[in-house]
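Asks: Those protein sequences? They're chains A, B, C, D, E and F, same order as listed. Going by our numbering, 31 is the number at position 48 of the first sequence; the sequence numbering is gapless. Going by our numbering, 114 is the number at position 131 of the second sequence; the sequence numbering is gapless. Going by our numbering, 68 is the number at position 85 of the third sequence; the sequence numbering is gapless. Going by our numbering, 27 is the number at position 44 of the fourth sequence; the sequence numbering is gapless. Going by our numbering, 13 is the number at position 30 of the fifth sequence; the sequence numbering is gapless. Going by our numbering, 90 is the number at position 107 of the sixth sequence; the sequence numbering is gapless.
Hints are not guaranteed to be accurate.
When chains are identical, the list treats them as one kind, so a pair holds in a single copy or across two.
As the list claims (entries may be wrong) - With a straight-line Cα cutoff of 20 Å, these simulated DMTMM-like cross-link-like pairs (lysine to aspartate or glutamate) come out:
1. K59 <-> E3
2. K15 <-> D101
3. K15 <-> E89
4. K59 <-> D37
5. K15 <-> D50
6. K48 <-> E115
7. K48 <-> E75
8. K15 <-> D62
9. K15 <-> E3
10. K15 <-> E(-8)
11. K15 <-> E120
12. K15 <-> E55
13. K15 <-> D29
14. K48 <-> E8
15. K48 <-> D69
16. K59 <-> D101
The set of hints was computed from the structure by calculation and includes no laboratory data.
Chain by chain, the residues run as shown.
There are 6 protein chains.
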Amino acid sequence: MTTVTRRYEFSASHRLHSPELSDAENARLFGKCNNPFGHGHNYVLDVTVAGAVDPSTGLILPLPKLDNLIDETVLKLFDHRNINLDVPQFAERVPTTENVILVILELLRQHWNAYLGDTAAQLLHVRIQETERNFFEV
Amino acid sequence: MTTVTRRYEFSASHRLHSPELSDAENARLFGKCNNPFGHGHNYVLDVTVAGAVDPSTGLILPLPKLDNLIDETVLKLFDHRNINLDVPQFAERVPTTENVILVILELLRQHWNAYLGDTAAQLLHVRIQETERNFFEV
Amino acid sequence: MTTVTRRYEFSASHRLHSPELSDAENARLFGKCNNPFGHGHNYVLDVTVAGAVDPSTGLILPLPKLDNLIDETVLKLFDHRNINLDVPQFAERVPTTENVILVILELLRQHWNAYLGDTAAQLLHVRIQETERNFFEV
Amino acid sequence: MTTVTRRYEFSASHRLHSPELSDAENARLFGKCNNPFGHGHNYVLDVTVAGAVDPSTGLILPLPKLDNLIDETVLKLFDHRNINLDVPQFAERVPTTENVILVILELLRQHWNAYLGDTAAQLLHVRIQETERNFFEV
Amino acid sequence: MTTVTRRYEFSASHRLHSPELSDAENARLFGKCNNPFGHGHNYVLDVTVAGAVDPSTGLILPLPKLDNLIDETVLKLFDHRNINLDVPQFAERVPTTENVILVILELLRQHWNAYLGDTAAQLLHVRIQETERNFFEV
Amino acid sequence: MTTVTRRYEFSASHRLHSPELSDAENARLFGKCNNPFGHGHNYVLDVTVAGAVDPSTGLILPLPKLDNLIDETVLKLFDHRNINLDVPQFAERVPTTENVILVILELLRQHWNAYLGDTAAQLLHVRIQETERNFFEV
């Protein structure tokens, strides 16, 4: 199996605050990430696709097709946005990077066939870097 | 002249919007950066200090002194904050990185003597990286 | 199982063009990568080797042995070369990074025993970075 | 399964020399790394933890708990130390990065429950980068 | 004075060969870079612009204007090209990165007013990274 | 004026301790860097050379000549060494990076003519990165 990983970036803001916890618990658990007006990050998103190499083109898949999927279903939703206020999936979910990656995974699965159903490529792996010190993967 | 540059990081959110421009002009000038609820970045701040090397210690200055200055006067104000809403200097100023660097320069000049007046080190240069594609310097 | 990954670099040029497709199909599929006189990249090659740690040396394998294998069988062939015109394996194969990685895998398997047969190390993984935005793995 | 990887750094010195080999064999096997007074590196340590995302907090685990574990059991032992002379586990072991990673794995397993036993997180993966060209994983 | 630096990338191929030197001299001077069919690099171009910060916008200049200049006059000419064969300025000039940077400087000076004449920004500095080990500046 | 910067790396160990200070003063000033058995770093050395571009070769200078100078006079002395015990210039000098850069500058000036006197290139700038957070320049 051969894979290709393509890197995307988006800038977004968020505030970590759980409605299921008291204010004191939120402050203790999330620390500075609980500051009321939020803060932000440059997120780096790596999407890994697996598949056989087509002998006539030498490609697993044409990358512009993957770019379209990510642009339309992920970047439009998250780039230059406030995750708490702009992204409907986070109306009642804490916008930790763990949850962001699960929502992105859901979106990619849901729209995969519409964008990439005519290729033999399969989604293998999603990874987000929140800062140079924290990475999350599914 | 010898210099030492020390790197700091902070995560913050902002919205680019000038009260002197109409909504349409703001949208045209700032594009996605004008989105109403803001977005954010991992900012990288490099502070360069110049001075002679002390022959008995081999140092331009003890770096923990510089760290104290930056922690107390810059990072406390900007890290994990919404620049528009949390930083008083931006109550009426557009929080572009150009303006952020000018405010930081002002803060460092104002507090330099209190933190570093007993050393011979001088502030030479400030640089902020907003994303991997944009850097600003004074 | 413990692994060691070692990083190598090579600079090469290529043109993506499939003899099985018409000129118009090549232009549509490969875009700028189909420009007639080619272009180039700094490729980063990561080779991952797995094995037990030898208790008397603390090593999986002596790394100069791996360097010899890569230098002699991969870098001599690809570094500072035009992949289409200089590398015989690409006389009739499109030099996409997918195909480059498959050719390198083939070369490493073929020459592994001659260079590393006296160690217990096994080839686990090969990864090539074509640009900071595209990675390929087998 | 979702994972979070957190990056730590430590600076340490070492000399590669095996008591089971002659001086000539040590010099041949380890080259410059066998120089009598040692040399050093900035080591980068990535610790990957796997687990389910807690629906009320959106977290796999509170990262300060992981930081405590690493600070107390790994960084205190290795950071700004001479691995041969300061770290008891290397009294009779060659301080190759292969052995450093095995010792760190042992330490994390031994202290995991005391620091992280009240979470559902599990240690998945440890990776050390010795230089930009060499990485080791277990 | 405040500056903004913006990073661009292009992939190109080249062959170092001077018509004023014999084949043996070319081989000795340029080594592998003289290989007949050429090789390539991912070039990283940093353009630094200096100017006053406009108080009503907080900007030195609107960056899309700079992007237009670079896209139209530099990237169109060099990206995914063979510098020897595709770029007219190199018909009789050796495509070393020193010469590439001088040609880019010339192009930016020549087209500056058409793209940026309505701003107060001035070109300060151009830097190209050919590989992670070589940088060139004017 | 055009410049070329070339990057070199060396791994070394050191202990910060000044004979002019008491043990308590050394501990307070240098903290963990004063640990008795030392620690180490991967140092990154950038050497910047300025000069006119030779019209017949397109080069400021042949880089292998610069490599020879750095290999013979700097890397042989510092790479895989204990700076306190292996480098004679530090017999009575504290091996801070400030002092390392001054010693390297001295060595380059002293040997410049022997290696590069037949070129028009001039030494402009030396920069050392000790960790990703600290840089020093002359």
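Asks: Between the shortest in-copy and the shortest cross-copy C-alpha distance, which are at most 20 Å for K48 and E75: within, between, both, or neither?
Replies: neither (32 Å within a copy, 26 Å between copies)
Asks: With 20 Å as the alpha-carbon cut-off, assign the pair K59 and D101 to within, between, both or neither.
Replies: neither (23 Å within a copy, 32 Å between copies)
Asks: Given identical chains, is K48 near D69, meaning Cα to Cα at most 20 Å, within a copy, between copies, both, or neither?
Replies: So K48 and D69 fail the 20 Å test inside a copy (26 Å) and across (29 Å) alike.
Asks: With identical chains, the pair K15 and E(-8) could be close in the same copy or across copies; at 20 Å between alpha carbons, which is it: within, between, both, or neither?
Replies: between (24 Å within a copy, 14 Å between copies)
Asks: Using 20 Å as the alpha carbon limit, work out where K15 and E89 are close: within a copy, between copies, both or neither.
Replies: neither (29 Å within a copy, 25 Å between copies)
Asks: How do K48 and E8 come out at 20 Å by Cα distance, when the copy is not named: within, between, both, or neither?
Replies: between (44 Å within a copy, 16 Å between copies)
Asks: Should K15 paired with E120 be assigned to within, between, both, or neither, using CA atoms and 20 Å as the limit?
Replies: This pair counts as neither: shortest intra-copy Cα distance 23 Å, inter-copy 28 Å.
Asks: From the Cα coordinates, with 20 Å as the cut-off, is the pair K15 and D62 best called within, between, both, or neither?
Replies: between (22 Å within a copy, 8 Å between copies)
Asks: Are the CA atoms of K15 and D29 at most 20 Å apart within a copy, between copies, both, or neither?
Replies: Close neither inside one copy (27 Å) nor across copies (22 Å); limit 20 Å.
Asks: State whether the alpha carbon distance between K59 and D37 is at most 20 Å within one copy, between copies, both, or neither.
Replies: neither (30 Å within a copy, 27 Å between copies)
Asks: What label fits K15 with D50 when the C-alpha limit is 20 Å: within, between, both, or neither?
Replies: Between. Shortest inter-copy distance 16 Å satisfies the 20 Å Cα cut-off; intra-copy 34 Å does not.
Asks: Treating 20 Å as the Cα threshold, decide for K59 and E3: within, between, both or neither.
Replies: neither (29 Å within a copy, 28 Å between copies)
Violated hints for the displayed structure, listed by number in ascending order: 1, 2, 3, 4, 7, 11, 13, 15 and 16.
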